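Use the sequences and the hints to build the structure in full.
These protein sequences, in sequence, are chains A, B, C and D.
Read in order, the letters of the first sequence correspond to residues 80 to 571 in my numbering.
Read in order, the letters of the second sequence correspond to residues 80 to 571 in my numbering.
Read in order, the letters of the third sequence correspond to residues 80 to 571 in my numbering.
Read in order, the letters of the fourth sequence correspond to residues 80 to 571 in my numbering.
No wet-lab data here; the hints were simulated from the structure.
The structure displayed is predicted, hence computed values, not measured ones.
Mixed in with the good hints, there may be bad ones.
Pairs count within a copy or across copies, as identical chains cannot be separated in the list.
[What the hints assert, rightly or not] Under the rule of at most 20 angstroms between Cα atoms (straight-line distance), these lysine to aspartate or glutamate pairs were calculated in the EDC-like manner:
#, residue 1, residue 2
1, Lys241, Asp393
2, Lys241, Asp319
3, Lys282, Asp393
4, Lys144, Glu299
5, Lys103, Asp143
6, Lys198, Glu171
7, Lys392, Asp238
4 protein chains.
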Amino acid sequence: MSLSGKQIAEHNSRESCWVIVHGKAYDVTEFLPEHPGGSKIILKYAGKDATEEFEPIHPPDTLDKYLDKSKHLGPVDMGTVAKVEKAESPEEKERQARIARMPILEQCYNLMDFESVAKRVMKQTAWAYYSSGADDEITMRENHTAFHKIWFRPRVLIDVEKIDFSTTMLGTKVDMPFYVTATALGKLGHPEGEVVLTRAAKKHNVVQMIPTLASCSFDEIMDAAEGDQVQWLQLYVNKDREITKKIVQHAEKRGCKGLFITVDAPQLGRREKDMRTKFNDVGSNVQSGSQTDTSQGAARAISSFIDPGLSWKDIPWFRSITKMPIILKGVQRVEDVIRAVEVGVQGVVLSNHGGRQLDFARSGIEVLAEVMPVLRERGWDNRLEVFIDGGVRRATDIIKALCLGAKGVGIGRPFLYAMSAYGQPGVERAMQLLKDEMEMNMRLIGCSSIDQLNPSLVDTRALSMHAANVPTDNLGQFVYDPLVVPKEKSML
Amino acid sequence: MSLSGKQIAEHNSRESCWVIVHGKAYDVTEFLPEHPGGSKIILKYAGKDATEEFEPIHPPDTLDKYLDKSKHLGPVDMGTVAKVEKAESPEEKERQARIARMPILEQCYNLMDFESVAKRVMKQTAWAYYSSGADDEITMRENHTAFHKIWFRPRVLIDVEKIDFSTTMLGTKVDMPFYVTATALGKLGHPEGEVVLTRAAKKHNVVQMIPTLASCSFDEIMDAAEGDQVQWLQLYVNKDREITKKIVQHAEKRGCKGLFITVDAPQLGRREKDMRTKFNDVGSNVQSGSQTDTSQGAARAISSFIDPGLSWKDIPWFRSITKMPIILKGVQRVEDVIRAVEVGVQGVVLSNHGGRQLDFARSGIEVLAEVMPVLRERGWDNRLEVFIDGGVRRATDIIKALCLGAKGVGIGRPFLYAMSAYGQPGVERAMQLLKDEMEMNMRLIGCSSIDQLNPSLVDTRALSMHAANVPTDNLGQFVYDPLVVPKEKSML
Amino acid sequence: MSLSGKQIAEHNSRESCWVIVHGKAYDVTEFLPEHPGGSKIILKYAGKDATEEFEPIHPPDTLDKYLDKSKHLGPVDMGTVAKVEKAESPEEKERQARIARMPILEQCYNLMDFESVAKRVMKQTAWAYYSSGADDEITMRENHTAFHKIWFRPRVLIDVEKIDFSTTMLGTKVDMPFYVTATALGKLGHPEGEVVLTRAAKKHNVVQMIPTLASCSFDEIMDAAEGDQVQWLQLYVNKDREITKKIVQHAEKRGCKGLFITVDAPQLGRREKDMRTKFNDVGSNVQSGSQTDTSQGAARAISSFIDPGLSWKDIPWFRSITKMPIILKGVQRVEDVIRAVEVGVQGVVLSNHGGRQLDFARSGIEVLAEVMPVLRERGWDNRLEVFIDGGVRRATDIIKALCLGAKGVGIGRPFLYAMSAYGQPGVERAMQLLKDEMEMNMRLIGCSSIDQLNPSLVDTRALSMHAANVPTDNLGQFVYDPLVVPKEKSML
Amino acid sequence: MSLSGKQIAEHNSRESCWVIVHGKAYDVTEFLPEHPGGSKIILKYAGKDATEEFEPIHPPDTLDKYLDKSKHLGPVDMGTVAKVEKAESPEEKERQARIARMPILEQCYNLMDFESVAKRVMKQTAWAYYSSGADDEITMRENHTAFHKIWFRPRVLIDVEKIDFSTTMLGTKVDMPFYVTATALGKLGHPEGEVVLTRAAKKHNVVQMIPTLASCSFDEIMDAAEGDQVQWLQLYVNKDREITKKIVQHAEKRGCKGLFITVDAPQLGRREKDMRTKFNDVGSNVQSGSQTDTSQGAARAISSFIDPGLSWKDIPWFRSITKMPIILKGVQRVEDVIRAVEVGVQGVVLSNHGGRQLDFARSGIEVLAEVMPVLRERGWDNRLEVFIDGGVRRATDIIKALCLGAKGVGIGRPFLYAMSAYGQPGVERAMQLLKDEMEMNMRLIGCSSIDQLNPSLVDTRALSMHAANVPTDNLGQFVYDPLVVPKEKSML
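As structure tokens, then:
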């Protein structure tokens, strides 16, 4: 027999707190203090239906995994649950109007276009979570800008009729030298979440890296793969190593072909744009100021399990629990790449976590330019595969990374934006545009295959220039009278 | 006997497609799949008069050359052809109003002024085709900016009463050290097309390079030359070498004095600004999204014949079919200049195709500064003539290039803009302004003739600095309270 | 018996000038020519109540100290004093409206936020005094910008579960490696003045440096300290060394633990923003232009006693009058740090006085990077403690300074702004935010304690780049047609 | 007997052209073709009173000197001359309104302030003439910007109680290390012209350099000097050396103490802002386009006599005709400074003519940093005095130049702007402000006299960085969502 809305509504306090998720009731009273996102956000829905809030930030198996079966109260007769009348806010109305006017997909000609559209059509909180970076977002922007400091030295008069930019990563043959890197909370952008990316990756034969903090469950994402489609696992290491072990070995059993251990996030970042949106949240009473620490944005809410004690001495243990190649994701200096070789892992991702962790961390492409000459000097450049991610928006960015010695590049946000704005067709078009650009630019740089890319094709002299914007002389700028083009005749 | 409009109008489908061009009817049914610009654009005019669309992007001899005579259906009685009523769009009305207010020619004081006027008075599609560059247009802008990294070290107290800035290029005596470089589709800017440039070049005694993709036919442009006026041929190499041979030998016979083989365009560029204008095109139904690949802007439409397989091994063949000096246009690194000397060509143009091909290709002037010291060290600086193009807007730009060792510079877009805005008088004034600037600046740098220009007159230390705009600290900028000049008294 | 308002009002001229301060009357006729801020400002209040103007820029014991007791005329019956009707200005009304709309404290997520709020809610004159810098304020902005030229080289896979960022400065154990540096005129920002900072410093266990030019008296600030709270004394050296001696020995007796002698201000700066506000001052008649020299902003008004003759030969004398450690505040080049070691002081603050003195002085962080390698080379890095101040806004700024060898950093304006906007809770939150950032960023850089910070963790190659904004090509910028993202559909 | 207006009015054509200047009539029919500014501008006033146009750009003795006495027709009865009713243009009305609202002089706190005011209150043509530079005005702006690349390394704890910044230039003792450099057409800015500067220079005991192209006559300017006031002569060398000789020897006889021969202007610059104002000129019919060459702005109109043939071989001749020290003004590279020493002149001014001649000429301060080390290495630094001009706006600019080895700096435009806005009191205040800044900054850099200034006090590492603004990634900038400060509460 189902529970009624009225019954649930009676348990609406810290003393007895029931919530409805996907038509079922749960008693979360005892769980309140343990909730990584704080008790307040749950109490907001005490006695009510929390599905809409719950959905995008918890994989569907969350309650099964973390809430004792005794607290599963069974199905609710949803017809008896009071509907919350949500007046559509003016902001939401404007957003709906923007959605109605959205450009058609064919009007997007490059990866930036998707970001531009997504910014206009996504919910503010979702946009804030995806687009935010650490502190002043200086590293986040540097990631893309760094590519602009590298210029080409193209070859001419090379036969480039046939272009082949397929390559292999960790033994997998892929059509293009990039992979879909792991990003959290896919359902913030699209109701189906990460499986959208899985299907698009299949279409273009590139690898998808599955995030620990996915909105879909790991198995859903694996199930969405077809045929011999290859996936990797991104791992945040749990303080409880048994949980980690279970996750890793399950992934291996399901067929994952690489284990990417995140090493740049002992604590998830302070992203102020994300934090600020909390104050716009309907019904938020955080403004009282009494409990600010529990409201630090989505990133903090979902990451309290991550072990800040993870260290080099844990690596052998990982090697003991899996046969998957192990790649350290988030290495940021040559000394650590050398150490990675020494501890015997199969690869590193030079990455600063998309500019979401430490502001003023250098870009992956810059670290790459520091790392590869040292590896080559030692003859170690074949002892591990080096990937980078962060700021990749153009095929020229990819080509630059490969010229400098990367095996492939990870792309994250652009595909999230394409998915958020246009769903799977959006992601597919984003990949197709990269393909078009790749073909064109491989030709223009004078290379018909990936193995021809080499450092002599790029000029990186500016790459280490970190000069920030320098102080401006406001007085001088104000009084300066700039040249203007001729005025129109009627102005005379 | 002429065909009637009604007869033509019956053949308005993919199954039977007739079109009128310049008062004659053609059966293009079988040609549809072969059309480099795609069949869709032709079908739009099936059964109708296509002259206005056809004109600017096809030389007049196109149909004779590429459509079998059996498909030439003969003259049409144009009085019987239904006139298409084209309502003038609001954008077009605004443009006409801007044309009415155009500054008079004498108000243009430099080459930028023409660009400014042209931008306001040209049709959007024409402006997009001329002004667009590859990807983010970073190389396009770098081309001009690069000159700004070079500063002068002028000499004083040199007798500069008489200034002579004539020089020779490939044996031809010219009045100024620049030439009109090849640019496609002149009729987009002016109904008469490239011959306007021919006449202006004659007036100022400079060389014109004739483009393969001209709107006028090659012979029309040759015919427009007067007396001993010198012209060169720019060549896109056709996959069918017989066609190429015919073009080259015809040009030589007609008196062309130089063969400039384009080597930086195995495939014509993705120029997004150009691509975007397609969606504004009257009657375009590309928005359905079904056939986007056939609508990639004017550049793609006209260039499918170009051979991406062209390579160094083809050069001896060119030397075997012509006695014209051969110059490789689009060389971009010193290694390839050395190879050019070794294969025995007479010159190179250091160029990135006006920033229209590979974004992040370096500017011609920067490559020049890399090339010349190497050539001089080998004693090879007299074994070929080195030209540059891209971004030249001021006489100081020309002087900088010559100081560094260029024999001359090519100028393209500025003359197109002058022509589009003011016709032949515009081009002539543009050249005259360069002449005025040359005279002034030769004096101010302390040189009375071209042979006195040398590297000691320039400071190029900044030329290799590629630092892109660096990340800005938005918070800091927002809160900073800038100094202001004193408020006016009434404000107190 | 009290004096009446009428009696006072009769003495309203240069010949006989009485003023009321805090309910007591004073005869300042003879003092007029000696007033450091000029006689004009006193005459404005001749015969009237000057308390509101007097309060923020004079410590309460000023009149006792500097005006002979015979001029203390005794209490005034304030009921008999004519109230000055001050019409609220439109600017003040707008300011009050802004105060009413102020964000709540919890909406401030970083130190910049306080500055942003303070700018909107502070009185114009107070804001101008706090926020102004020398000349074009180029050094002031450089102070913060300089940190942006330093990038991190973080370590990964270090156990950072427990983070300890406590350290010691001049023997005092502190919770965080910063101190509240000395800033003048605290009551401009908050009615209680510097004691607000004292209390907040106690809460977070950091040191406060007491300014010579405080609004509160020295003893008030000492009295506000609790328990073993540590304070230092910032000293402007008086031309009359006896006064200086008295101040120093009094401070030592009261328990001050460090003597910071300001050496970068032989004369206080010209701060034009501060100077300009004088013209907005209610009742100011400086506009007559007759006496401009006496109206050079608050800085000049309060600093005429400072001795521009202070020199290295004075240092032994200071060592003879106190046992407190002596630190030179405002050292700006390595040669002077070496000399500081040689004369035997205990520390230096590399500082340019918050950009308020010499424009184009380099930032403390840049001088630090110049100083430490030289000290290390001589093995002198432990012979004195090196501090820096200026531009610190983020925990990453602090960490960068410590990586380069600083013992701690001083923070001034940000706490003033937090205090001005939100009082003591504001200052406490500002410190808490730094604490949150410190914890996060220590983890992300891979260090669990202060002593692990070292130069290999930062990339300072850009630090000495002083390139100013370079000339812009206005014509080129004007005519350039930038790429745009796709227009919305309704725009077609 | 006086001529009547009617009589004059009859001679209003190219065939017979009379004009009135200062109440006297002149027959200029034969002079028309010789007028350096073209005949058109005279014909505009044929038969009329030309005084207002004539006045600012011709010294009063012009007609006596250049027009044969036989053409002097004698006094005119001005009451009979038809008054020209000039309707006040809307622009002029706005300008008058801006003048009425002008800030009072005491509100100007630095040299930029005068420029800001002048821009608002000067006539457009006068502003254009004073403020314009060559081509894109890049050198003009670089002149000031270059100082921003130099930072200080100040000394502390130096006794700076007494500051003495007097020095000597060419043997003359001056109160401050700058001089008023020569600038043309003073009456465009102020009805009295250059004598205003003479009187202000006297007041502050600095040297004035008298321009060849003054609005006042040379003797008027000499006569305005008082006591032992020192003046120098700036010389444009006439094609007719006899005229030059007469000018030089007359100047020496009148007491000039230095001969500054301009060597950077064989032809006066193309200043487009100046040229453009011609089209706004009341009554200008240049728009017909028929005679554009005669309308190239004020600079061209007044300079046709200058000899572009002037060269090093002329220097001995100058030494033979005068005992005044000879200084070459406008030297721009170290090679030419060496040659200057070798030909035995007494000094050089490193200058690019205020950015009015060759665009991309380097700044004087940069050339200084190139020159002095070479001179010192040869032990030649005392064999001539080195001055610079261009871009000096702050005392810190002056101090930087002196640290690097300049004997003094020339200041031009700032005094013109001060004069144009506020007359002599403006110029005096401008000089006083520099004095205030000098005193302050000498103290802050730790120097009590000019001879203590030396290269160790400045950091010039950035001085040779010429990187221009680099291409911007427009797409990236457009889509980037910047951090914002917290929204105000009412916005929630």
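Okay, the hints, checked on the actual structure:
no., hint, result
1, Lys241 x Asp393, "between (46 angstroms within a copy, 17 angstroms between copies)"
2, Lys241 x Asp319, "between (52 angstroms within a copy, 17 angstroms between copies)"
3, Lys282 x Asp393, "neither (37 angstroms within a copy, 39 angstroms between copies)"
4, Lys144 x Glu299, "within (15 angstroms within a copy, 60 angstroms between copies)"
5, Lys103 x Asp143, "within (12 angstroms within a copy, 76 angstroms between copies)"
6, Lys198 x Glu171, "within (13 angstroms within a copy, 32 angstroms between copies)"
7, Lys392 x Asp238, "between (50 angstroms within a copy, 10 angstroms between copies)"
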